[in-house]
Amino acid sequence: MTGTVDSWTPIRPLHASLYDFPTDKSRSDKFFIDVSEVENDLAFASLGVMKHELHFNICSLGSSYLLNSAVPNLDTRLKDSISAELSYSCRFWGTRVGAASFEQSLAMEVADFDDDERLLFCIESVDLMRSFGSAAQSLIFILGWCTVRLLKSFLELGSSNAADSHT
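Everything in the sequence shown is counted per full-length UniProt numbering, starting at 1 for the first residue and increasing by one.
Check the hints yourself; a few may be wrong.
[Said to hold, decoys possible] Heads up, simulated BS3-like pairs for lysine-lysine below, C-alpha to C-alpha not over 30 Å straight-line:
| no. | residue 1 | residue 2 |
| --- | --- | --- |
| 1 | Lys79 | Lys152 |
| 2 | Lys152 | Lys25 |
| 3 | Lys51 | Lys25 |
[As the list claims (entries may be wrong)] For each label pair, taking beta carbons as the anchor points, the in silico distance ranges come out as:
| no. | residue 1 | residue 2 | range |
| --- | --- | --- | --- |
| 4 | His52 | Lys25 | 29 to 39 Å |
| 5 | Ala70 | Leu155 | 47 to 57 Å |
| 6 | Ser64 | Asp20 | 40 to 50 Å |
| 7 | Ser36 | Lys79 | 32 to 42 Å |
To be clear, the hints were calculated from the coordinates, so they are not data collected in a lab.
Cβ atoms here follow ideal geometry from the backbone N, Cα and C, with glycine treated the same way.
Could you put the whole structure together from the sequences, leaning on the hints where they help?
Given below as structure tokens:
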């Protein structure tokens, strides 16, 4: 395993077979892991953590006009204000949603999150953690996930309507 040394790096298997075996139903039988189900669980969990823990001015900054580099004790404030779960969720929620299979309930959670000010709080948090690239990547994954699902729905609706018109 890599990524076990610090809390900022995702855990990854060193050898592909450690991932391939449990995700191949024909090889793993009762040990099979459905990755899309795991991704859905992680997506819901990440959104839930952010829903409960994100809030305005998460590190209690005295002024929003200060550069992060000018904030006194920023590292201490981060450790005191942002849990490991929230840190992970803010940085990787888009990756988790992007890898999840489409479910209406997940789409509703994403829409609620995007329509709420928590998205701004999430962006503030990743900026304070110096992980803004993760936030940008998350938004790209979310946009792709929504676009593909929306196009798929339109195509299914169109083919359904076409089939109905021929009967």
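field: Holds or violated: Lys152 to Lys25, with C-alpha atoms at most 30 Å apart
entry: 27 Å, holds
Status of the given 47 to 57 Å range, CB of Leu155 versus CB of Ala70: 51 Å, holds
message: Can you confirm whether the C-alpha distance between Lys51 and Lys25 stays at or below 30 Å?
response: With a Cα-Cα distance of about 34 Å, the restraint between Lys51 and Lys25 is violated, given a limit of 30 Å.
query: Do the beta carbons of Ser36 and Lys79 sit within 32 to 42 Å of each other?
result: 34 Å, holds
message: Tell me if the beta carbons of Ser64 and Asp20 are separated by a distance inside 40 to 50 Å.
response: 47 Å, holds
field: Hinted pair Lys79 and Lys152, Cα distance within 30 Å
entry: 42 Å, violated
- request: Determine whether the Cβ-Cβ distance between His52 and Lys25 falls within the hinted range of 29 to 39 Å.
  value: 35 Å, holds
Checked against the numbered hints given earlier, this structure breaks hints 1 and 3; the rest are met.
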